[in-house]
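Once you've looked at the hints, dock chain E against the given chain F.
These protein sequence lines map, in sequence, to chains F and E. Residue numbering for the first sequence follows this note's numbering, beginning at 1 and increasing consecutively. Residue numbering for the second sequence follows this note's numbering, beginning at 1001 and increasing consecutively.
No wet-lab data here; the hints were simulated from the structure. A portion of the hints provided could be inaccurate.
Under the rule of at most 25 Å between Cα atoms (straight-line distance), these lysine to any residue pairs were calculated in the SDA-like manner [unchecked claim]:
1) E:LYS1198 to F:SER6
2) E:LYS1198 to F:LEU9
3) E:LYS1198 to E:PRO1024
4) E:LYS1198 to E:ALA1078
5) E:LYS1198 to E:MET1087
6) E:LYS1198 to E:LEU1140
7) E:LYS1198 to F:ALA10
8) E:LYS1198 to E:LEU1058
9) E:LYS1198 to F:GLN26
10) E:LYS1198 to F:ILE5
11) E:LYS1198 to F:ALA65
12) E:LYS1198 to E:ALA1032
13) E:LYS1198 to F:ILE3
14) E:LYS1198 to F:LEU52
15) E:LYS1198 to E:LEU1054
Since this is a predicted model, take the numbers as computed values, not measurements.
Chain residues, written in single-letter form:
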Amino acid sequence: MFIPISLMLAGMALGLCLRNVAWLAQVPRAITPTILLLLFVLGVAVGGDSTLMGNLPLLGGRALALTLAGVGGSMVAVLLVRRFFPGAQAGRHAHAAMPGEPAGSPADASGMATAFEDAPVPPEASARSGEEVRPHGR
Amino acid sequence: MGGSLGIICCFILGALCAWLGWVPDYLLGHEATVYVLYVLMLLVGFSIGYDRRLGEILRTLRPRVLLLPLATAVGTFAGSALVSLFMVYSMSECLAVGAGFAYYSLSSVFITQYKGAELGTVALMANIMRELITLLFAPLLVRWISPLAPISCGGASTMDTTLPIITRYAGQQWVFVSIVHAMILDFSVPFWVTFFCKL
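Bound-form chain F, shown alone:
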């Protein structure tokens, strides 16, 4: 039952203990191929089930209804909490999306102050490193 969760916690403990072993930094790279393999195997499981295959359009419609409901609920929740985040009004930071916007501009500062008492990394660098956190599919 709880094998997958225990495995994740065990992996975290292992990662914490082995932080100083440099070559293990390559391990997270195995995540993307593993996810692709998992999706392939899931596809095999669905494709081998003829009743499931026959109902795929119907199941897709139900999936869409559930997705839209979940996203809709989240959006209502965002409308309720956005006033606690300075600078989170609609369209207010649309300009910040322009490429070449200087890092550390006033807009940056306000958003950063919302999240952290002292931002450890400049926004520009963090955006880059952020993309490298775990560049894999879900």
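This is chain E only, laid out in the frame that chain F set:
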């Protein structure tokens, strides 16, 4: 976007191979997915533990940032519970699908195990759709609702697959909020899905 397409292609390829009968019978059960999931969980845990920035991010965090993952979870559950009134699935089943927060690989294997292949397939499609909606509608969500909207919409995917698009349209100042949001939801997915499947 390319990553998501690759993932969908892998799924379709697998379905096609099995449908055409090119796959040996012993792979057809759901055993194989479970073992691949175990490997994946170990790898995901390892990469979280190994990442030095985790401690740094947790130390500098303000409690206010936790409001956003909380809002995403509560909003998703409220929406899923509401739509369950009009669906053939029970409320707890709809909540389990919603609790994937776009983390399709993990949640669909869990749900297949506990609730069967049909709901597992619905969960897989629903959570892939959530990621695609985030990728496609991020600019509009920022303009109409808030820079926080694409982050909330992206669920657990906002520190990897949807981070570039969020950075691009909401602005770089939301990168930390986005990463913290995903870390918390990521970690909570297995707990929520198991919880709702057992209700």
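Evaluated hints:
Between E:LYS1198 and F:SER6 the CA atoms are separated by roughly 18 Å; this keeps the pair inside 25 Å, and the hint holds. Between E:LYS1198 and F:LEU9 the CA atoms are separated by roughly 21 Å; this keeps the pair inside 25 Å, and the hint holds. In summary, the hint linking E:LYS1198 to E:PRO1024 is not supported, as the alpha carbons are separated by about 32 Å, beyond the 25 Å threshold. The hinted pair formed by E:LYS1198 and E:ALA1078 meets the criterion: a straight-line CA distance of about 19 Å does not exceed 25 Å.
Between E:LYS1198 and E:MET1087 the CA atoms are separated by roughly 19 Å; this keeps the pair inside 25 Å, and the hint holds. Note on E:LYS1198 and E:LEU1140: the hinted pairing is violated, with a Cα-Cα distance of about 37 Å set against a maximum of 25 Å. Distance hint between E:LYS1198 and F:ALA10 is fulfilled; the C-alpha atoms sit about 23 Å from each other, no more than 25 Å. For the hint linking E:LYS1198 to E:LEU1058, the alpha-carbon distance of about 31 Å lies beyond 25 Å, and the restraint is violated.
Among the hinted pairs, E:LYS1198 with F:GLN26 is inconsistent with the structure: their alpha-carbon atoms are about 36 Å apart, more than 25 Å. Our distance criterion of 25 Å between C-alpha atoms is met by E:LYS1198 and F:ILE5, whose separation comes to about 15 Å. Our distance criterion of 25 Å between C-alpha atoms is met by E:LYS1198 and F:ALA65, whose separation comes to about 23 Å. Taken as a hint, the E:LYS1198 and E:ALA1032 pair is honoured in the structure, with Cα atoms around 23 Å apart against an allowance of 25 Å.
At most 25 Å may separate the alpha-carbon atoms for a hinted pair to count; E:LYS1198 and F:ILE3 meet this at roughly 15 Å. Distance check on the hinted pair: E:LYS1198 and F:LEU52 sit about 23 Å apart at the alpha-carbon level, within 25 Å; holds. Restraint check: the Cα-Cα separation between E:LYS1198 and E:LEU1054 comes to about 31 Å, which exceeds 25 Å; the hinted pair is violated.
Hints 3, 6, 8, 9, 15, counting from the list given before, are not met by this structure.
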